[in-house]
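Residue numbers (the working numbering): 10 to 134.
Worth flagging that the hints you see were computed from the coordinates, not collected in a lab.
All C-beta atoms in this analysis are idealised placements derived from N, C-alpha and C, irrespective of residue type, glycine included.
Any given hint might turn out to be false.
Unchecked claim - No farther apart than 20 angstroms at their CA atoms in a straight line, the calculated lysine to any residue pairs in the SDA-like style are these: (1) K47 x T37; (2) K86 x I102; (3) K34 x Y127; (4) K34 x G12; (5) K86 x L28; (6) K34 x T20; (7) K47 x C29.
Unchecked claim - The calculated label-pair distances, taken between Cβ atoms and stated as ranges, are: (8) T122 x D90: 15 to 25 angstroms; (9) E130 x G46: 20 to 30 angstroms; (10) D42 x T95: 34 to 44 angstroms; (11) K86 x T116: 18 to 28 angstroms; (12) N87 x E130: 31 to 41 angstroms; (13) G15 x I102: 14 to 24 angstroms; (14) G26 x E84: 17 to 27 angstroms; (15) G26 x T95: 34 to 44 angstroms; (16) S27 x C109: 29 to 39 angstroms.
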Amino acid sequence: LVGHTGVVYTTSVSPDGSLCASGGKDCTAMLWDVNDGKHLYSLDAGGTINAMIFSPKNYWLVAATDTSIKVWDLENKNVLDELSSTAPPKCGIPWCVSLCWSADGNTLFAGSTDGNIYVYEVGQA
């Protein structure tokens, strides 16, 4: 899967196994068809992508960037929400560096460089 112009920090496979998402230093989330290896489309994250994960229950992709967490609706490729830190880290230090969903897909956990885990209750699209 070739196409990024910088370091790839994270990859994630969709719950049904059909898609792979990748992201990193080039600030671009790239979506790939797992079966044929084709690049499907790219999404601009506006910053370095440190972690990515697909929602287990909605057709969403979530990306942790240096300054925020972006939630994309993959059906229309729009940003559904952007979650930002109330106390952003000093310049050059990423904010969110890891992501994990609860098994039911209703809660998103985000690990931060400030030593906290942020917990977000997620509604329906």
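The hints, checked one at a time:
Restraint check for K47 and T37: the C-alpha separation of about 16 angstroms stays at or below 20 angstroms, so the hint holds. Note on K86 and I102: the hinted pairing is violated, with a Cα-Cα distance of about 28 angstroms set against a maximum of 20 angstroms. The suggested pairing of K34 with Y127 is violated, with an alpha-carbon distance near 23 angstroms, which exceeds 20 angstroms. In summary, the hint linking K34 to G12 is supported, as the alpha carbons are separated by about 12 angstroms, within the 20 angstroms threshold.
Taking the CA atoms of K86 and L28, the gap is near 14 angstroms; set against the 20 angstroms cutoff, the hint holds. About 13 angstroms separates the Cα atoms of K34 and T20, which keeps this hinted pair within 20 angstroms; it holds. Distance check on the hinted pair: K47 and C29 sit about 10 angstroms apart at the alpha-carbon level, within 20 angstroms; holds. Between T122 and D90, the C-beta spacing of about 21 angstroms keeps the proposed range 15 to 25 angstroms intact.
Take E130 and G46: their Cβ atoms lie about 36 angstroms apart, and the range 20 to 30 angstroms is violated. As the Cβ distance of D42 to T95 is approximately 38 angstroms, the hint placing it in 34 to 44 angstroms holds. About 24 angstroms separates the C-beta atoms of K86 and T116, a value consistent with the hinted range of 18 to 28 angstroms. About 21 angstroms separates the C-beta atoms of N87 and E130, a value inconsistent with the hinted range of 31 to 41 angstroms.
Checked against the hint of 14 to 24 angstroms, the C-beta distance between G15 and I102 comes to roughly 18 angstroms, which is consistent with it. Under the hint 17 to 27 angstroms, the C-beta atoms of G26 and E84, about 18 angstroms apart, fit the expected range. For the pair G26 and T95, the supplied restraint of 34 to 44 angstroms holds, since their beta-carbon distance comes to about 37 angstroms. Taken as a hint, the range 29 to 39 angstroms is violated for the pair S27 and C109, whose Cβ atoms sit roughly 21 angstroms apart.
Going through the hint list in order, the structure does not satisfy hints 2, 3, 9, 12 and 16.
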